[in-house]
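Visitor: Here's the letter readout for the chains.
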Amino acid sequence: MTQEHDKVDGGRRSFIGAAAGLTAATVAPGLILHTVEAAPRSEAVTDKVRWGMLIDTAKCADGCSACVDACDKENGLDLQVKPHGASEAMWDRQRAVWIRKVQVQDNLTGRVTNLPMLCQHCERPPCVDVCPTGASFKRADGIVMVDRHTCIGCRYCMMACPYKARSFIHQVVEEKLTATPRGKGCVESCNLCVQRRDNGETSTACADACAAAGHHAILFGDLKDPNGALSKALASAASRQVREDLNLNTGVRYSSL
Amino acid sequence: MKRIVYREWRIQPERYWGLLAILGAVAGIAGLAVLFMEHEGHWVTGMTNEVVWGMPHVFAVFLIVAASGALNVASIGTVFGRTAYKPLGRLSGLLALALLIGGLLVLVLDLGRPERLIVAATTYNFRSIFAWNIYLYTGFVVIVVAYLWALADRKGGPYSKTVGYAAFVWRLLLTMGTGSIFGFIVARQAYDTAILPPMFIIMSFAYGLAVFILVLMFAYDQDKRPLGDVMLGKLKNLLGVFIAAVLLMTLMYHLTKLYGAKNLGVESFILVNGGIYTALFWVGWVLVGCLAPLGIVYHPVLGKDRNWIAAAAAMVILGGFAAVYVIIIGGQSFPLQMFPGSTILASGFHDGVNGVPASYVPSIPEILLGLGGVSVALIITAVGVRVLQFLPESLADPVVDPHLAT
Amino acid sequence: MANAVVRGLLAVAGLAWALGAQPAAAGENFVAPGSKAAGLTSCVEPTDFMRRNHMEVIKHQRHTVVHKGIRDSKHTLAGCIACHVAPGPDQKPVSVYAEGQFCQRCHAYTAVDVNCFGCHATVPTPPAAGTAAAGDLGAGLVQVPDHGVTAGGERP
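Chains as they are written, first to last, in the numbering used here: chain A, 4 to 260; chain B, 12 to 417; chain C, 878 to 1033.
The hints are simulated quantities; they were obtained by calculation from the structure and are not laboratory data.
What you are looking at is a predicted structure, and each value in this text was computed from that prediction instead of being measured.
Mixed in with the good hints, there may be bad ones.
Result set (SDA-like, lysine to any residue): computed pairs, CA atoms no more than 20 angstroms apart in a straight line [to be verified]:
(1) C:K951 with A:G203
(2) C:K951 with C:Y986
(3) A:K85 with C:G995
(4) C:K945 with B:N136
(5) A:K85 with B:H50
(6) B:K273 with A:R246
(7) C:K969 with A:D150
(8) A:K76 with B:G359
(9) A:K51 with C:K945
(10) C:K936 with B:T134
(11) C:K945 with A:E177
(12) C:K951 with A:E177
(13) C:K936 with A:G203
(14) A:K141 with B:A142
(15) C:K945 with A:R151
(16) A:K62 with B:R236
(17) B:K268 with A:R246
(18) C:K945 with A:H152
(19) A:K141 with C:H944
Over the 12 angstroms line for every Cβ pair with chain A, so calculated as not near, a few chain C residues [stated by the list, open to error]:
(20) D949
(21) E976
(22) A998
What follows is a list of derived Cβ distance ranges for each label pair [stated by the list, open to error]:
(23) C:K936 with B:I206: 58 to 64 angstroms
(24) A:D228 with B:L356: 33 to 39 angstroms
(25) B:M263 with A:S239: 45 to 51 angstroms
(26) A:N230 with B:V283: 52 to 58 angstroms
(27) C:E933 with B:V152: 44 to 50 angstroms
(28) B:G306 with A:E91: 43 to 49 angstroms
(29) A:D95 with B:L282: 25 to 31 angstroms
(30) C:D967 with B:V152: 56 to 62 angstroms
(31) B:G276 with A:A143: 17 to 23 angstroms
(32) A:N230 with B:M263: 52 to 58 angstroms
(33) C:E933 with B:Y270: 54 to 60 angstroms
The beta-carbon is built from N, C-alpha and C at its ideal position, and this holds for glycine as well.
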C-alpha cells in the first residue's frame, strides 16, 4: 500500500484487491461495520489458526436464505447468467452454488432439521488427495480451496467430495467481481470468504447475514484458539460432523443435528 | 511352426481410402463438436454438478480398459508361451496403442481447460490416482512401442520375452489404476470398494479380446487372407472364459456390496428400481454383454459360425459400454448419502430430495466426442496395418497348428 | 509445445519491435489517457522493469495471494487494472482488455495472448454491496460490474 492511503479510520477501510492505494469512500447504508482494524495480510498464512464453523441447526430457520443470498452477493455468484438456450431445469443443476439450504427428516423419529451445507473444509480433504495437478489444496490456515490457475477442469474432486460442495463453471462468465474472478472450465467452492480472511475481517458473509437476520446459527472462528468463541462453543455443546464415518475431521461442525 | 510372414494390409485403395474417409468424417464431426463445447462451456452437455462425468468418460474408460485387454493376446503368446497366439502379437500391440490413444484423447478433450494440459504434465500431486495414471498411460505407450519393436525387429528377438513380461505387468497396473480412479472414491456408495480394480482387469480381458476378434475378422475378410477355424476357435473359447469371469466378478461385486446394510440403497437402485440403470444393468451388462454371448460361444452350432462369433464379440462390446455406463453414470446418479437414516425433504442444490436420483441425458456433442475417440483408434489401426507389417499373411489352420500341417 | 515456442519467439520479436519502433520510440507509451496512471510518473516498479517483467511479477503475485494469502502488495492484478483502466466517453471505465486499451494494445503489438480475463474483471468492480468496503477507483470512475471481454455466451 502506498503510505498516504494506509490508514484505516471510522468509515474508511482498506479495499481488498486494490493495493494501489485505494481506500473505501462509500459505505452502503444499513451496513454493519466491523470495529476491528482490518488490514491486508503481509505475511504468509500459517497453521497457527484453523478456520472453522459451528452451525447450530436448532437456530437455522425454515425458509430463511439469508446466508445463501449473502454468499451469492459476496462471491459474485448472483452475477451468473443462464446461457442463452439453456433450459431452466438444466441451468439449475449447472450453475455454481457455494452454500445451500438443506432440510432433512429423520426416518425414524420424523424430526425435521434445517441446515446450510457448504464445503466442510476437511483436515484430510478427499478433493485434495485426488486432484492430479494439486490445484485443489488446503491452505495453511485450513481453508480448502481451488487454485484456478492450475485447475484443468477434470472434476475428479467433485467425484470425490462427499458433500457435493463443489461446482463446475459450465458457462462463459461475462460479469465478475474484481475480488472473485470466475470463468468457464474450472471448479470452485466455498473458500470461507478467503478475501475477508486475508484482510483481517472477523467473519464470513454467511455468518454475518445469519446474525443480521437475527438467527445467529453460524459461528465462525478459529478452531485452534482455545479461548475463542468457537472453541468454547464446541467444548460446551454436543456437535457432530457430517459423514463422520469418513474420518475427515471437518472444519465445519453441526450441533442439534 | 512355420515361419510367419507378415504383410501390409493390401485391400484395394478405394476401399482403404473409403474406410479412412468414413472414419475421418466421424473424427472431423467430433472435432467440431469439441470446438462447440469448448466455446460454449459444458452447459451444452448433459453433465451437471451432480453427474459430473458423462458420456465422454464412458467412452474414454471403455477404450482405455479395452486397450489393456487388447494387449492380452500378445501376452498370452510371449508370457504364457502359447505359440499359437504369437502371430497375433503385433496386431495386439497396435490395437492396444490405438485404443489407448483414442481413449485418452476423449478424456483430455472433455477437460474444462484442455489448453492447460501442460500444467497436468508438469505439476503433479503424487497422492492422486489420476496423476499416477498419467504415468501409467505414458509408460504403457513406451512399453508397447518397445514391445512391437522387439516382436518385429530381428535384433529385438532376445528382448521380446522381457519386454513382454514388462508389458504384461504394466497393463495389469494400468487397468488397476483405471479401476482405482473409481475404487478410491469413498464418498459415493457405488464405488467405495476394493473389488473395482480387479473387476476392471477382468472386464478389460473380455472387452479387449472382443475388439481384437472383430478387428481381426474384418481385416482378414477384407483382404481375403485365410483365418482358420483353429485360430478363431481358440479366440472365441478364450472370449467365453473371459465373459464367464466378468459375470462372476459382477456377482462378487454385488454380493460384497449387499453384505452389510449400508449399501442396500445403492444396490436396490442398480438392481431393482433404478429405471434406466437397472435396465442397462440387466439387459445390457448381464444379458447382452454376458449371457447371450456366452450362449453363442459355447453353442455347438452357433459357436462354429463366423457370423455368430462376430455377433458375440459385438455383444460383448455393447454390454461393456452398458456396464461402464452403469458404473460411471449410475454410480453418480444415486444421491450422495450425506445423512444416513434421514430423508432430504428440500435442498437448494438437488441433494437427492426424497431420494430422487440425479438425471442425466447425454447430449449429441458429447456422444460425438466419444465416437470421435473410437474412430481415431480405428484410423490408427487401419493406417498402422496398411503401412507396416502387422498382419500375418495367413492364419490358416496349418500355420497356426503345426500338427495339422502335412 | 511447438506452438508455445513459436508464440514465445513471436512475442519476443514483437516485444523488441514494439519497444523499439512503436509509441515508446516516439516518446510516448501505452498508458491510457484518463487513467490514474496517466497522472503518475512511474509504475509500481520502475517502468522499464515492468515493461519487461510484468508477467513474472503478476505470476509471482498470483501464487503469493492464492497460496499464502499475502494481499499487502502493490503488485496485485486488481491494482494494475484499477490504475491503468481508462474512462470511456460516459465516464464509465473501459475494459483494460478492450480493443486499443492499455493491456490489450501492447499485447496486440507483441502478439501475446493472455486468457486471464476470462475470469478476472477488466474494470475495477465495487466489492459486492453488503460487504463493508467499497473502493475509490482512483480515476473517479463510475463503478459498474464488469461486462468482460470474452466473445460468445450471450445473455438472454
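Visitor: List, from low to high, the hint numbers that the structure doesn't satisfy.
Guide: 2, 7, 11, 12, 13, 16, 20, 22, 23, 27 and 31
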